[in-house]
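Asks: Below, each chain spelled out in residue letters.
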Amino acid sequence: MPDERVTTYAEAIREALIESGKHDPRVLFFGEGIGDPSAVFGTTKGLREAHGDARLIEMPVAENALTGIAVGAALAGKRPVISFHRVEFALLALDQILNNAGKAHYLSGGKHKVPLVIRMIVGRGWGQGPEHSQSLEALFAMIPGIKVVMPAFPADAKGLLTAAIEDDNPVMVIEHRWCHYARGHVPEGYYRQPLDGPRVVVPGRHVTIVANSYMTLVALHAVKALASVGIEAELIDTRLLRPLMVDAIVKSVAKTGRLLTVDTGWRTLGMGAEIVAEVVSQAFSSLTAAPIRMGMPDHPTPSSRGMVPGVYPDAIGIFTAAARLAGASAETIAPALRELEDQARRQPVDTPDPAFKGPF
Amino acid sequence: MPDERVTTYAEAIREALIESGKHDPRVLFFGEGIGDPSAVFGTTKGLREAHGDARLIEMPVAENALTGIAVGAALAGKRPVISFHRVEFALLALDQILNNAGKAHYLSGGKHKVPLVIRMIVGRGWGQGPEHSQSLEALFAMIPGIKVVMPAFPADAKGLLTAAIEDDNPVMVIEHRWCHYARGHVPEGYYRQPLDGPRVVVPGRHVTIVANSYMTLVALHAVKALASVGIEAELIDTRLLRPLMVDAIVKSVAKTGRLLTVDTGWRTLGMGAEIVAEVVSQAFSSLTAAPIRMGMPDHPTPSSRGMVPGVYPDAIGIFTAAARLAGASAETIAPALRELEDQARRQPVDTPDPAFKGPF
Amino acid sequence: MPSNAERDFDLNLFYDILRIRLVEGEIAKRYADQEMRCPVHLSIGQEAAAVGVCAALTRQDRMFSTHRCHAHYLAKGGNLKAMLAEIHGKASGCVGGRGGSMHLQDIPAGLMASVPIVGGSIPMAVGTALADSLDGVDTVSVACFGDAATEEGVFHESMNFAQLRKLPVLFVCENNLYSVYTPLAQRQPARPLTDYAKAHAMTAIAADGNDVFAVHAAAAAAVRRARAGAGPTLLVLDTYRWLEHCGPSFDNHIGYRSEEEYLGWRAQDPLERLRHHLTGQGALDAAAEARMTEAIMAEVDQAFDYARDEPLPAPAQAREHVYAR
Amino acid sequence: MPSNAERDFDLNLFYDILRIRLVEGEIAKRYADQEMRCPVHLSIGQEAAAVGVCAALTRQDRMFSTHRCHAHYLAKGGNLKAMLAEIHGKASGCVGGRGGSMHLQDIPAGLMASVPIVGGSIPMAVGTALADSLDGVDTVSVACFGDAATEEGVFHESMNFAQLRKLPVLFVCENNLYSVYTPLAQRQPARPLTDYAKAHAMTAIAADGNDVFAVHAAAAAAVRRARAGAGPTLLVLDTYRWLEHCGPSFDNHIGYRSEEEYLGWRAQDPLERLRHHLTGQGALDAAAEARMTEAIMAEVDQAFDYARDEPLPAPAQAREHVYAR
Ligand SMILES: Cc1ncc(C[n+]2csc(CCOP(=O)(O)OP(=O)(O)O)c2C)c(N)n1
Ligand SMILES: Cc1ncc(C[n+]2csc(CCOP(=O)(O)OP(=O)(O)O)c2C)c(N)n1
Ligand SMILES: [Mg+2]
Ligand SMILES: [Mg+2]
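Protein chains in written order, with my numbering: chain A, 417 to 776; chain B, 417 to 776; chain C, 19 to 343; chain D, 19 to 343.
Just chain A, with the same shape it has in the complex (with noise of 0.2 Å):
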């Protein structure tokens, strides 16, 4: 059955790449090492093979100028797709994607078009310290004319990247980089998603908890071990961040009256405060309980895994939230929650698979 063929997130992005620079020859694939054999964490092989060079353009190390590069080959009608490896080196270009790929359409009334996407990936893990694993969702998504999306699973990668491609505007595609590690399935060819707003990953009744990108895939391990226990949580992954579309939240809210968001990013401004003020403000008398958020605390992510526990949201702090939020007693969830606490042990907190052996 073709349809049920599964494969890696990773693999996903390469097949949105490869498949929507044949969808439309407009698209060029900017990067530094963008056609080097590590080939952007394995998302970018093929491309040379299936494009030619030309369409490969090999960037000196300088995020500025590539990035208004990009926007001014944008407003000569190419399709740039910029990969970053990390979410970091972008801060470089922070004005050229604030200012000029975000009002260029606005600056012109409507006559200019930036179709730009600028991929980012957060790194996490085997130590990659403070400069290397910061998930800045919340600074792109406070941004005027500029999309943000962040996928989590497979499938959801590679409908989005290509969605983003499509797209006539700026889109920021922020992908983790423990993510790239997932599998399930993905359609083959070209396949494009909606850029529609959250989506209900599982249903349930009792609490909606909303994540993203990877904690997507965490939080859907505790909804898993909360139905174990008989707790029927709705998890919605947000997907598209900007604009951001809370009406699939604010619905659940209104059928669950409790609410956790988790992001990839941290806590403070981050995606939950946004997502818990606006529904608030829309289903106010919908809550029996206050919303929780969790995210990155307010530090720097240190490199060493001494320190590592207690700084990201895990299955055991979203399960327990969550239970916390349902008002499920200790005895009902503590089987479930040894489980976790199990797993977790048999884990190591710095990798993100057991065949994972560094250096990134």
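Among the clues, some could well be false.
To be verified - Quick list of in silico lysine to any residue cross-link-like pairs, SDA-like style, CA-CA up to 20 Å: (1) A:Lys461 - D:Val198; (2) A:Lys461 - D:Asp269; (3) D:Lys184 - C:Ala127; (4) A:Lys529 - C:Asp153; (5) A:Lys527 - C:Ala342; (6) A:Lys527 - C:Ala127; (7) C:Lys216 - D:Ala224; (8) A:Lys529 - C:Ala342; (9) D:Lys216 - C:Ala342; (10) C:Lys216 - D:Asp269.
Worth flagging that the hints you see were computed from the coordinates, not collected in a lab.
With chain A's structure known, arrange chains B, C and D with the ligands on it following the hints.
Replies: Relative to chain A, chains B, C and D with the ligands alone:
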């Protein structure tokens, strides 16, 4: 009575710079045109006379290096104060701010200190347009290791800027260009306020309004109008945006049950999102109505005065939202509303002060 | 003896410089009316740079400018009415009142965008050049910027990439000696700005920015190289801004530059130098110039009337065109 | 005949290069143990650059480095145990396990900070130089970086300011020909990297980065100029990284560079060249080197034992030192 001396916010900033320079010879003043005749809207006037040429570091137009150089000078024991004419220019230095200034202390296990102040001025009015009018406080307030201060009143401007310069951490001080014209009592001499978080500007018991910077001044206007119709709003000026200390706000909402936030920057992912989410989590049962957030809408700021109405939260909007939260009837508020509307008609939408004649 | 075609070409240069001078002068004169409610960075004194460069370009060639974009916009063939309407904040402005004076653009005329973040538009010009060169068309892209922009890192990053790929770009630096009120000597070590090109093995040409023929010759050479696939050129055009950095007035009295310096540059008035040349050749006389002035002023007055009378955009328009569909 | 002092100096250079080689080799060897759980960018092949520059510096002089900071840290006098503890993620690491291999620092030894954002530490070196020059002390600041960092705008911005103020800075570019897997020719036009200095009227010196004497002579000249107030110097040191960009292995087989190229550079081994020189002079023989190796390996083994046995930081330490009080 010398203590009742009244002066402008811009003058208060100037005094803080002059006095801080006297107080500590390690203080240096960095900027593009820091010593030029326009003196950063007059705020750096007299620094050369007071502190000598050597302490004025005239910078090439190169914000990224300028900031990195200031960070380096801070590591070597100086206390640099950078003045950016517009918030936007600091975007070019975001890598230096977020990674080097924000993490040097953390990454040295507490050995390095970065006593750096970055002043940034929010433009508004007189057709500034989309790239000279952004108020990006939430973007900076997201960053661990950075403090963010946003004074509304002249005395706070002096006291908080002085405290920022005394602080051993990087502090972003965001001034609103229209606040520069505000007048009020400002203590003479070296005057420092603790960086101790939000402050109740007007006590009240019916509704809590939390604003920052120029929006606090606008909200104050609305609060007076509310008082005239018997609605006692408690106005809280955020002042210190990071670290955000919500205690005073939570305490106020515990009393009023109603919360309105008014941001100088974008409403989406603005300070109001964090404040509402945090208040909801800490004072859920006290809330009697869904909090309301106001702020800049989800688009760039257009230049033309024709498009200004509706862009900035104004006294009428704040008054109306607060009255709605307080459950006041249309008749109750009608006279005060009419008065606010009359006042608004008398004032151009694009100038802070009737005396203002451009060019900026 | 110049040919008729040459004479027409030269007279057109004169007409274009005169037109920019008169438009800018009129903006300065009328600024106090408080109808143009945005910051204006006028180009008086620098007109020859814009006109000389644009005379070497076709309408299809693409130009990017800065906060000081009036001369580039007009020289490149931008619509005058739409420009003044924009500065007046009107719905029929060239960008619908969204940008004001610092954001002029006229896409059909090839004035792609003006960006008031110093250096911000330079890489975009490299980007259009990249796209055009991939498409195999011989369009040239031009980044116009001031001397201060050479201090921004993005300028260097952009030159490196343009030279690496031999892209058809002109980096046109109008060196008016100041960044706002700060002279070059307080911002850069002493050496010719053309040395920036040496870092990237790039060709540079210095020209007297107040001599429209010198500017045109330099630009034409650079355009030829670009179209031939020989790569980018840095043009450094020395010139001088007569009025204050931003606004309608003279400001030699405020202390950052001397009256002597100003008068020295004033004596190098690009308009007067061209007038002198053309009258010396017998190509122009006072009567002919008066006719030009009259024609231009009629156009300018009409454009101001238009700009003044056009409606403001409606508040709801502020929310349009945030995203393309 | 070199004097005793000269001979000692030269032997110290050899010792330092050998020590870095052995430390890095040991990291590579032990990396598979999975105890060093962070990315490592090893300096094998590039040791002479770090050692030659640091030999021209005092302990008070300040150095800033990059992701590839092991050699700079050790050459500048950084504590070996604290370095290995850091790479092992231990609480007694030089930055308490907060940074790992890419963030080494030893402030008393003058290794101020290492920043893995390409180009990110360059302006900080200019900043310490500014502070020191304002204070009238004759300390020199050194920014170490790779060839890719010359593509970042901040490098140019920093050079401009340093030269404008004639600050005591060395810009030390270790040109190992690659940015990760991308060769220089795909990133920059062909011309010597020293040309970057020409843009800023700055002095540049090129030296064979695998000849420690050449590096030292160039650095010493630059340091003399800096201390004399003559301003900054750009040093371009050509060298080669033997191992993969990040990690413990050889990678000539993956296709971005050829075995021949590698072997050509391998023949220019800085350690072997110095050994050859010193044995030719009779300053060194196999027995003496064996004693050095033994002493170093004892120190290295001890440091690895220490690093392995030290405790990890407690989770709560992650929340410390966010703000200074
Ligand atoms: C990135 C950035 N930094 C600072 C400014 C403030 N600024 C506006 S115009 C200007 C001077 C620009 O000088 P130059 O590039 O020489 O152009 P000129 O005004 O002389 O034509 C400055 C510093 C800005 N707009 N953008
Ligand atoms: C701003 C930024 N962009 C990209 C990267 C990814 N990156 C890490 S090391 C590296 C190559 C650096 O090459 P070079 O400066 O020559 O140093 P080398 O590794 O050769 O010593 C790159 C591009 C980064 N760390 N920072
Ligand atoms: Mg200038
Ligand atoms: Mg290299």
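Asks: Hint by hint, note whether the structure agrees.
Replies: Hint check results:
Among the hinted pairs, lysine 461 of chain A with valine 198 of chain D is consistent with the structure: their alpha-carbon atoms are about 16 Å apart, no more than 20 Å. For a cut-off of 20 Å, the pair hint linking lysine 461 of chain A to aspartate 269 of chain D stands: about 18 Å separates their Cα positions. About 45 Å separates the Cα atoms of lysine 184 of chain D and alanine 127 of chain C, which puts this hinted pair outside 20 Å; it is violated. For a cut-off of 20 Å, the pair hint linking lysine 529 of chain A to aspartate 153 of chain C stands: about 18 Å separates their Cα positions.
For the suggested pair lysine 527 of chain A and alanine 342 of chain C, the alpha carbons sit about 9 Å apart, so the restraint of at most 20 Å is met. A hinted pair counts as satisfied when its Cα atoms are at most 20 Å apart, and lysine 527 of chain A with alanine 127 of chain C qualifies at roughly 13 Å. With a C-alpha separation of about 16 Å, the suggested pairing of lysine 216 of chain C with alanine 224 of chain D holds against the 20 Å cut-off. Distance check on the hinted pair: lysine 529 of chain A and alanine 342 of chain C sit about 7 Å apart at the alpha-carbon level, within 20 Å; holds.
At roughly 45 Å between alpha-carbon atoms, lysine 216 of chain D and alanine 342 of chain C are farther apart than 20 Å, so this suggested pair is violated. The suggested pairing of lysine 216 of chain C with aspartate 269 of chain D is violated, with an alpha-carbon distance near 35 Å, which exceeds 20 Å.
Checked against the numbered hints given earlier, this structure breaks hints 3, 9 and 10; the rest are met.
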